[in-house]
Every structure is written in structure tokens, then in C-alpha cells.
Amino acid sequence: MNTKRCVVVDYKIGNVFSVMQALKHIGVNAELTGDLDLICNAERLILPGVGAFGRAADQLRALGIDEAISDFITSDRPFLGICVGMQLLMEKGLEFGEHKGLGYFNGTVEKIDLQNNNCQSLQVPVIGWNKVFEPVESRWEGTPFASVDSDNAFYFVHSFSVRPENENEICALARVGNGEVVSAIKRDNILGVQFHPERSSVGGLNFLKHFVEQ
Amino acid sequence: MRNLRLIARLDVKMNWLIKGVQMEGWRKVGDPATYAKFYAENGADELLFIDVVASLYDRNNLKEMVEKVASQVFIPMTVGGGIRSVADVTNLLACGADKVALNTAATRDPSLITAISDRFGAQATVVSIEAIRGDSGGWQVMTDNGRNHTGRDVLQWAREAEDRGAGEIVLTTIHTEGLGGGYDLEIIEKVADLVAIPVVACGGLGTTAHLSELLQKTRASGAAIAQALHWEKLQLSDLRSTLSNENCFVRPI
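Chain order of the listed sequences is A and B.
Counting from 1, position 25 in the first sequence corresponds to residue 25 in the working numbering; the numbering is continuous, with no gaps.
When you read off a place in the second sequence, starting at 1, and then add 1000, the result is the number in the working numbering.
Heads up, a few of these hints could be off.
[To be verified] Taking lysine-lysine pairs in the PhoX-like style, the calculated list, with each CA pair at most 20 Å apart, reads:
1. B/Lys1068 <-> B/Lys1013
2. B/Lys1013 <-> B/Lys1028
3. B/Lys1037 <-> A/Lys24
4. B/Lys1028 <-> B/Lys1233
5. A/Lys24 <-> B/Lys1013
6. A/Lys131 <-> A/Lys209
No lab work stands behind these hints, which were simulated from the structure alone.
Since this is a predicted model, take the numbers as computed values, not measurements.
Excised from the complex, chain A in its bound form:
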């Protein structure tokens, strides 16, 4: 396995230390870079992200990384978006106004709806560990989720969640309060997860390992 070409996109947006440390811990010598050629030519690409959708999207465009990601994605190699890095894959985000996303998935990123959730103890941001589940049988086949136990837990911290228009693109769900939120989306070689595998202990590290080895 040549793991040298796992590239983590550096777009000066926030905390990438823990992603790099987690990869290092599972024996992956990943490269943290904003270099467009290295991003295009990576064997697999990870787009991390924290903070606000609009700022992150602007930053990707300002650095020309949106184009590099587009070139990478058309090549059919494995792509993983984490948290805001997943939300950016949608058409638009509704955090502090309306912002254009990268548009790989039809649908929006919207505030988690407390009113309709009807749950007294729920607070936003939703912070904590939660179990993810498969929306329909065999949806996890051929994805890093194939290795995930039904008794699992990943660490989430988010106020917004993705709403893909195409239900077939929903790869995993999580129960939040009395409702459900989309916790992973997938189409072809593009995978996005709302949770932080790099902060999800052994289960999260295993997930990353399977992404890198797929």
C-alpha cells in the first residue's frame, strides 16, 4: 500500500492538527498542502473543515482549490469530506445568509430544526457522541462504513446539517433528539461525513484506516 499520496487539503481555515495526528497514528504519512498540483494528483483526498460554511467556501475559491478538487473528483479517486468539508459538497449553505457550495450534491445545508424536533433536552450546537445507522440495507457496501459495527459511536459537533434531495445519496443517519439528521452522504467516489473520525477514538481511527485502504 502506497499511503504517501494521501493529501489533506490545507486552506488555512482551522484545526487540521488532529486529522494529521490521527492519520499518523494509523501509519499514514499524509501530506498537508494547499498546492493545486498535489491536490489534483493525490491518490486520495481529505477535505477537513470547521467554522462557518460561507467563509470556508470563499477561502476554497480564493485559493483556486475548488477547481483542483473538481479535477480530482472527476478522476474517480476516493474523496472524503469531514464536517464543514462535507457540507461544502452541497449546492448551497444557509448559515449567515445564502452561500454557494461546491455543488456535488443537490440540496442544502440548514440549521438543525429544534422546533420540529420536539425534544426538551436538545441544545444546539449538537455536541457529543452518537451512533450512526444505515438508511437502507447494503448502502454501506464498498464504503468505509462496511467495517463499522452496529454498536458504534462517532463524535459530532454541529449546528447545521445537510439535506440531500436524492435519498439514494444518504449514506448514514443519526438520531438527534426525536428526529434524524444525515451524518454521511455518498455518490460514486465522493464521501462526506458530518462527524469527526479523527476525534472518535478507536472507531474513528478504524474508519479513517478503511478510507485510506479502500
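Following the hints, put chain B in place on chain A, whose structure we already have.
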């Protein structure tokens, strides 16, 4: 299903894990990184590090320790103590902290909360409130481990912190801290009902019954635990069983 986080709180002074009573009389416990790893492996959901003398001496020296912990522990970490600027936050996040806890500097200049929240997101911006029960009712906001009065009211300050962009509140009640006699449920309940962001209770957990009370009587999102774990009065497994019995989600380890 209710979801409440068990947060191991580690107060640190000069690279030592220490523990006091009512934020005084600190005693050395051990190496913070060793304890952090042990708690993470035994089911703590998060870690909270506070440099207890940082703001007193105008410094922030947790950086090395945070980096050491973050390279071997893969659960979320909040770091506080002596954070005075956006640059301080940039440094701490760059060495592996996921969130920062603001206290003294925020009470002096509340716009710091907004500046940090705008730059790094509400999810990274925690406001730590040290509360003390006043003589004439009400709760007052203190700083520097209960040494100094700020003249602020806890409920008003909690609301202001939320309005200014905090994504979480850690509420420590000084009069119950380190005693193991239970949380001050009254103020925790009031703050958790007032704000829409998560509230972490801190100060006083000594038995599993205290965790049950917190769950039953308040909307707290997290329980911070320090002395009960450090002095091995309780194991995380005890607290996890309690959560399970109270029909809360417990992460598999």
C-alpha cells in the same frame, strides 16, 4: 434518547495535574498526559484542561502539553486558562485543542467572545463561568479561581455569552467545587433553561447519584468530573453504567 457527555476535567499547573477544594489548597495528582490517556481509554467523552494560574501570571503555557496529549489521545479536548486574544486561540487550536474556554479575559472584554466565535466558529468557543452563590440570593460571576468579583450576574452573563457567539457554557460553582457533595443543581437548571446552547455542569460530583440528579433535574448537556476521578473515588465505568440506567447514550469503548 438523552445524550450527556462525561467530561474529565484536568486542572494543570506547571505541567502537573493538580486538584484543590473550592479552587484552593491545590495538591499534585500526577502527569496530565498519562491521566488524559487513561480517561480517554476508559470512556470519557471529552477532556477539559484548565491552566489554573495562567491568567494570574498573564501567561499561557499549556501548548506543549496540549500537543503531547493530542498526538496520542483521539477524543475532543477543550483548553482554557489565560486566553486573551485571537492569536492565543490560533496557537492552541494549531497544537490540537478542539475548543477553547474563555473566562477572565472575556469578563473584562466580552467582544473577545465574538471575535473568537466569528473566526473559529461557535463550536470552538466555550465560555467558562465561575459562579458563587451570593449572600442575598442570586449567583455572582468570579474569576481567577474565585478570587475576584466581576460584578456580573451569572444568568445575565450566560445570556450575554450566548448572544455574543459562545457555543457552549461550562458552569463551575465554587461553593460546591472539590467537595464531592453534588452539583449546585439550582443554578445549573436556571442557566440550562435560559440558554439554547449546551451547558456543562462542573463542581461537586462525588457519587453516581449526583449524576442521576443532574440528569433528572436539569437540561445539562455535560457533566465535568475532576476529584472523584483523580482520587479514584469513582471509575468512569460506574458513571457510564449510571448513564445507561438513566436511558442515556453511552459510547462503546
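So, going through the hints one by one against the coordinates:
1. A hinted pair counts as satisfied when its Cα atoms are at most 20 Å apart, and lysine 1068 of chain B with lysine 1013 of chain B qualifies at roughly 16 Å.
2. Taken as a hint, the lysine 1013 of chain B and lysine 1028 of chain B pair is honoured in the structure, with Cα atoms around 9 Å apart against an allowance of 20 Å.
3. With a C-alpha separation of about 17 Å, the suggested pair lysine 1037 of chain B and lysine 24 of chain A falls inside the 20 Å cut-off, and the hint holds.
4. Distance check on the hinted pair: lysine 1028 of chain B and lysine 1233 of chain B sit about 16 Å apart at the alpha-carbon level, within 20 Å; holds.
5. The straight-line distance between the Cα atoms of lysine 24 of chain A and lysine 1013 of chain B is roughly 29 Å, outside the 20 Å bound, and the hint therefore fails.
6. About 19 Å separates the Cα atoms of lysine 131 of chain A and lysine 209 of chain A, which keeps this hinted pair within 20 Å; it holds.
Of the numbered hints listed earlier, the single one contradicted by the structure is hint 5.
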